[in-house]
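Q: Okay, here's what each chain looks like letter by letter:
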Amino acid sequence: MTDFLQLFFSGMATGSIYALAALGFTLLWQASGTINFAQGEFVMLPAFAMVGLIAAGAPLPLAFVLTVVLAIGVLGWAFKRGVVDPLFRHGMMPIVVATIGLSIALSNGVRAGYSAEAHPFAGMFPDRIFNIAGVTITLADCGTLAFALLLVLATQSFLARTVTGRAMQAVAQNTESATVLGINVPRMIFYTFAINAALACAAALLVTPVYLAKFDMGVSLGTKAFFAAVIGGFNNSRGALLGGVIVGVGENLAAAYVSPQYKDAVALALFMVVILFKPQGLLGRKEERKV
Amino acid sequence: MAANMNPQDTPAIEFEDVVAGYKDFMILNNLSFKVRPGSITLLIGPNGAGKSTVLKTLFGLLKPRGGRITLGGVDITAADPKTLLARGIAFVPQGRNLFGQLTVMQNLELGGITLGMKTARERIPEVLDLFPRVRERSNSQASALSGGEQKQLEIGRALLLRPKVLLIDEPSIGLSPLVVQDVFKLLRKLAAGGTTILMVEQNVKSALKISDDAIALESGRLVLHKPASELLADPHIERLFLGGAIETRAA
Amino acid sequence: MNKRNVVLAFLALAALLVAPHFLKSYGLYLLTYWLVFILATMGLNLTVGYAGQKSLGHAAFFGIGAYTVAIMMKAGLSFWLGLPAAALLCFLVGLALGFPALRVQTIYLAFATLGFNTAAWLVMRNEEWLTGGTFGINNIARPSLFGMSLDGSLAYYHFTLGMTIIFAALLWGLLRSPWGKAFTALRDNPIRAESLGVDIRGYTLLSFAIGAAYAGIAGALFASLVQFIDPAPFTVGSSIMMYLMVVVGGPGYFLGPVLGAAVGVVLPEWLRFAQAWYLFVFGTAVVLLMIWLPDGLLSIPDRLRARREAREASAARSAAAARHGGNA
Amino acid sequence: MSAPVLEVRDLRKAYGAIQAVGGVSFQVMPGEIFGVIGPNGSGKTTMFNSVLGQIEPDAGEIRLNGADITGLSPLELNRRGVGRTFQTLQVFGKMSVRDNLIVAAQEHKGSMFSRMFAPGDSGLGPKADELIDLFRIRHVADKPAGSLSYGQQKLVDIAMAFMSEPALVLLDEPCAGVNPSLVGGISTLLKELNARRGGSFVVIEHNMDFVMDLCHRIMVMVEGTVMAIGTPAEIRANKAVLDAYLGN
Amino acid sequence: TIKIANIVELSGPGTTSGTNFKDGMLLAVKEINAAGGILGRKIETTTNDTQSNPGVAKGLTQKAIDQDVFAIFGPVFSGSIMVSMAESRRAEIPNFTGGEAAAITQQGNPYVFRTSFTQATAMPKIARYITDQAKHKTLALIYVNNDFGKGGREMLMKALEKSPTKIVADISTDSGQIDFSAAVLKAKGASPDAIFVYTNEEESARVLRELRKQGWTKPVIGETVLTSQKVIELAGEAANGAIAHVGLTVDAPLPAIRAFRAKFEREYKYISDHNGMKGYSGVYALKAAIEKVGKLDRKAVAVAMKTLKVKAADQPGILMDVEFDKNGDLDRDSFLTEVKGGKQEVIATLPPLSKK
Ligand SMILES: Nc1ncnc2c1ncn2[C@@H]1O[C@H](COP(=O)(O)OP(=O)(O)OP(=O)(O)O)[C@@H](O)[C@H]1O
Ligand SMILES: Nc1ncnc2c1ncn2[C@@H]1O[C@H](COP(=O)(O)OP(=O)(O)OP(=O)(O)O)[C@@H](O)[C@H]1O
Ligand SMILES: [Mg+2]
Ligand SMILES: [Mg+2]
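Quick mapping for you: the protein sequence lines, in order, are chains A, B, C, D and E. Number 139 in my numbering belongs to position 139 of the first sequence; there are no gaps in the numbering. Number 1120 in my numbering belongs to position 120 of the second sequence; there are no gaps in the numbering. Number 2115 in my numbering belongs to position 115 of the third sequence; there are no gaps in the numbering. Number 3232 in my numbering belongs to position 232 of the fourth sequence; there are no gaps in the numbering. Number 4206 in my numbering belongs to position 206 of the fifth sequence; there are no gaps in the numbering.
Hint data in this document are derived by calculation from the structure and do not stem from the laboratory. It is possible that part of the hints are untrue.
What the hints assert, rightly or not - Have a look at the derived ranges for each label pair, beta carbon to beta carbon: (1) K4003(E) - A2155(C): 24 to 32 Å; (2) E2309(C) - G1193(B): 40 to 48 Å; (3) L5(A) - R2103(C): 30 to 38 Å.
Unchecked claim - In silico DSSO-like links for lysine-lysine, alpha-carbon gap of 27 Å or less: (4) K1023(B) - K3127(D); (5) K3143(D) - K2003(C); (6) K4295(E) - K4309(E); (7) K1082(B) - K1063(B); (8) K1023(B) - K3143(D).
Please read these numbers as outputs of a predicted model, since none were measured by experiment. For glycine and all other residues, C-beta sits at the position ideal for the given N, C-alpha and C.
With the hints as constraints, model all of the structure from the sequences given.
A: So this is what it looks like as structure tokens:
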């Protein structure tokens, strides 16, 4: 039982990391109808920005704030101007492929221009371990989980409860109608990507101590986050958290009780079952009627 | 009326030699016409004549390639929809234009986004009074509504703005006859209150009855511009409805 | 095909036949590699570009084809048995993968195929008794044809070229038959298509199965080309690359995969002058290409034609307007 | 008295608390043009989609020429000679208008396998051209259907339903957005097909001139139920119908 | 000039190893050129990335052959080597690989040479330590499920087969894995005397941290990677106490290696791992062989390589005395290291396997 609890809580901690990255997927899907295959790299880049700033002597909070500002400019504004604006009205395929290209460019740019090595990154939580009834948990685990919860709820209620949030969703659903109603479409898209960039920075802050800052950290992070988002529900931010935790815990239990070689297969099997029987995800909303 | 419009009056809407279309395909070629303030002007013509294109161009959804569009004397040729909404124009396009995954209420609120939420929320009940069918469904997802209910919601969403100029593209599509009558009556009332209305309709007979002027388009050019009453009284009226008849008359 | 296209096709063929004489072994290898990917992405183009089924699992079929041939040849069977077996096996697995596609559509289908790819990869990696696991299968022989050994790189190139042309021609025939329209109908509006008697079930399954068979054949050729396989080239990442090739080349354009595969396979090699930065340049090039041509490289002729026709049509419209002299 | 082509018995469909269709029964006779009218949201489209296998009805029985077809897929129904249009525009946006029409009938020619070797237009070119001329869309015949005006798309949509000359056609608001001159054309086409081949039609429409002129019998739906079924004259004289739907 | 092609993993999963290997190799070339080259000729290098993909590696090897290079360095991943060495053999070009898989030199290819121990050499050495010195009776094994991890696991099991040490838990993990709580829990659950960790750098660091988190206090043993500079940097305090056998380590108490470490760090701003040393010493091995033959003859150089003995005293770049056997495998001293106070320390020097 202790083992189980240990696995469960460790899984929750890992899961909340996945959730943080998955949150970006659900946000972009709801508010712009796009899928960003460079989402993992959007976390990697701020991680390196922070590593660089800290190396240059900035304390962590300052490094974080500067990184957020930088990210909103580059991953938010520049990405929107450069990639989203020209491709938005051409449907999903071109944007998806552009983000694939971008992910190749970003990870290899960091590799060639900065370093191919993994860099350690001290988190904002002190290295503290709690032992509760035989289950060990670090302070960082708890902190990450709490933060993930906070960010997910904040994003969710922003989208659902504020007019701006709904206007962002409106743009994703029907851009032309949004224009006709006087919704400032470019600005809504900017908000979407700016929030996404800020979330990516928060994710980087919490994820990097575990993932380590490395040019290819985005690949596995992105994949896991993607699975998490699908399981939880692509069009629901709370789904990201649920999905993340399910993947994290599921993997751990599978590795311990099924077969470590096929532990990925468990997340996968779950993923397939969800897709086939509830394609919109566990918490997702069904898409509209068609005829 | 239109033909003998007072030259001193500033037209509510004026097209001067407007050229517009899609990408490189120009649909409207040097189109010119004027719309009197506070009137209902009906835009008719065969399918594909360019009626919707006129409205889209006017509302800034298509950028004209040439010519000038003025609104109450002010040049709005290059203005975007947001600016135009601020000037009091509202547009109900053809087809379905709702946010399917949002609720009816949320759709209405977004319709009033340029007003500020407070004003919008205050006005929503008035609109729902006009369309009881929509009120019943106010918490459903918009995509769950029937075709006619959706159209009513769309019209209501535009009326929320209390526009000075209303562009409305085939409002009768999908509406049952009683509702069409109601909507037409409503438009008449709005016009009486000073709203300028430019309407496209294929339901020509009923639409002419509430219109002041009529403009007929064919292949992107203007083939007639007359008071609606003249058209109704025209002995060739039945032939006129037969689309192609306009062609023979003009030639 | 009009006359100009026939001439172009002949020129291209001539170039492909002459080119090897100006290339060293690396160039020849690259050219063969490219042909293999043309064949694979042609299959994906059918699934994604024509039939509109979002598939992110194509590399799995590519892998299944490669492993089938490799395992059969290791067991002492002929390549000529392995090739049809690879095609058939992929066809059947493709058919099976089509079933989720009947339940879910668009991005959800993409998710499902992505999951399938991961599963296939796990099997390739973990079932060491069959696939050699991460150690892979080495020394895969090249086949011989009518007693002629295809071991040399030039011979193998010609062989691959021949196969590519044959299967491209078959696909061309299929797409210009009513099937082509049925696939497109399925892509543009499945609901309407079904109500018009288009068996969307059948066509969906077949679009997957045929696309998969093409990947299987390409995989078989790939195994013999590299003469070594391990699970690495058959990951989800590779599927995503293939998807990229189709979209960059022009989805739904018959020759899109030719250009797309060139971008995916040849372009990175060209860019090697950029040294450590070459993949960065490649990624950036893809982004720029998409922004410039969202419908793919092959949309250029269409774009030009559409522009010309639009000009003519507007001219005709304005001429008509002038003739009628404006108002009635 | 011949047997009905289409027979619907006690059809029901609810969405949560909303009873969209609440027990609808009617029969369509061979060679009959059957109109369906009713206020917005009265369940006409829902009834159509249930009959046509697009959505699953909660209860009820549907028979085609005596055979039970409840729950059959749209594909099966099409193969049994049932054609339809949708209330919303449903064309193949990226295909040319001509290809739209060809694809609408090609699946009725030969087996799937034999179609692999058939000519590209399946020999349907002349038929398509005929309808293109009839609906006056010749000048846009080679344009992608998605780039047409609303009314033009509607015409393509209707033409598609007639390409394979089905024995029973269900049309959901065919005249919406169509120019009056062509409304007459549609009317003529239906009458002609009806007279020439004895085809049956079910038409939902809010254009009363069209319905009254064309239909042999009309059914009025209100709040998911049948208020009246009768000849145009009977319907026009029905006080309840006037109040609920027609006005004056 | 003497052309050498460097074909390595610079992207994909092999990036870290490939980059180190390449940097070490280029450093050696730079030094040799500065000192007048080999036999008075300068070395010219080209570097190409295999993307960790054998299909690409094959093409690049052909490209190198087309360019008529004298020798090929890399790749590091065994799958890629399998294809590249088949090509280089056909063209009769000496090929120095960075791979450690035993199978590479078991194919009787006269043109392939190691730059490091194979797992077949290294694992028996560490096994000997586990059984004879540390006297662990039971061992839990955590390995990474790729060719590197699986190859090492096989060799270790073979080496321990006849010893009293039993492997009580055999746990596969993935490359790129984040959460090792299940693996560690399982290993702990078997209550072994020691845990053997055979994964790549980042994963090793995560395992060490998880071990510390779950309160493991008994020994953690590894091979080469576990006590590497990178792992220490990434795992921080949790690395303390880890013990590993290291064929080549920048922390060896030898002047040549100290010097190398300093030069490498100055040049590339990071600390080399064993792959960097492999690339570096490999070039010097080639130099020694060419000088022994006295002319630029590939065949003769390949033959000479097969029995080459180089002393660090004569050829400082070789870093340590080394002997190549007829398979192209090499043998030499190696070290037992332990992490103490955040530093790798050599606790014993192990003689070549053949010497015992
Ligand atoms: N998927 C759905 N979910 C919830 N309610 C629905 C759904 N589909 C239809 N309805 C409701 O059922 C009722 C009937 O809709 P239907 O589309 O059949 O009406 P209709 O008679 O075709 O109307 P119209 O003339 O406006 O097209 C409407 O009130 C609608 O809101
Ligand atoms: N997005 C588009 N791209 C290209 N051409 C278009 C596009 N939309 C419309 N057209 C063309 O422009 C012409 C005019 O279209 P418009 O929508 O203005 O017609 P309309 O008069 O409103 O017709 P309807 O009565 O059918 O609505 C048509 O010939 C149509 O084919
Ligand atoms: Mg229109
Ligand atoms: Mg309806």
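Q: Determine for every hint whether it applies to the structure shown.
A: Each hint tested on the structure:
1. K4003(E) - A2155(C): 24 to 32 Å: About 29 Å separates the Cβ atoms of K4003(E) and A2155(C), which means 24 to 32 Å holds.
2. E2309(C) - G1193(B): 40 to 48 Å: 47 Å, holds
3. L5(A) - R2103(C): 30 to 38 Å: 37 Å, holds
4. K1023(B) - K3127(D): Not OK: K1023(B) and K3127(D) at ~32 Å, beyond 27 Å, violated.
5. K3143(D) - K2003(C): Holds, at roughly 23 Å.
6. K4295(E) - K4309(E): 18 Å, holds
7. K1082(B) - K1063(B): 14 Å, holds
8. K1023(B) - K3143(D): With Cα atoms ~14 Å apart, K1023(B) and K3143(D) stay inside 27 Å; holds.
When held up to the earlier numbered hints, the structure conflicts with hint 4 and nothing else.
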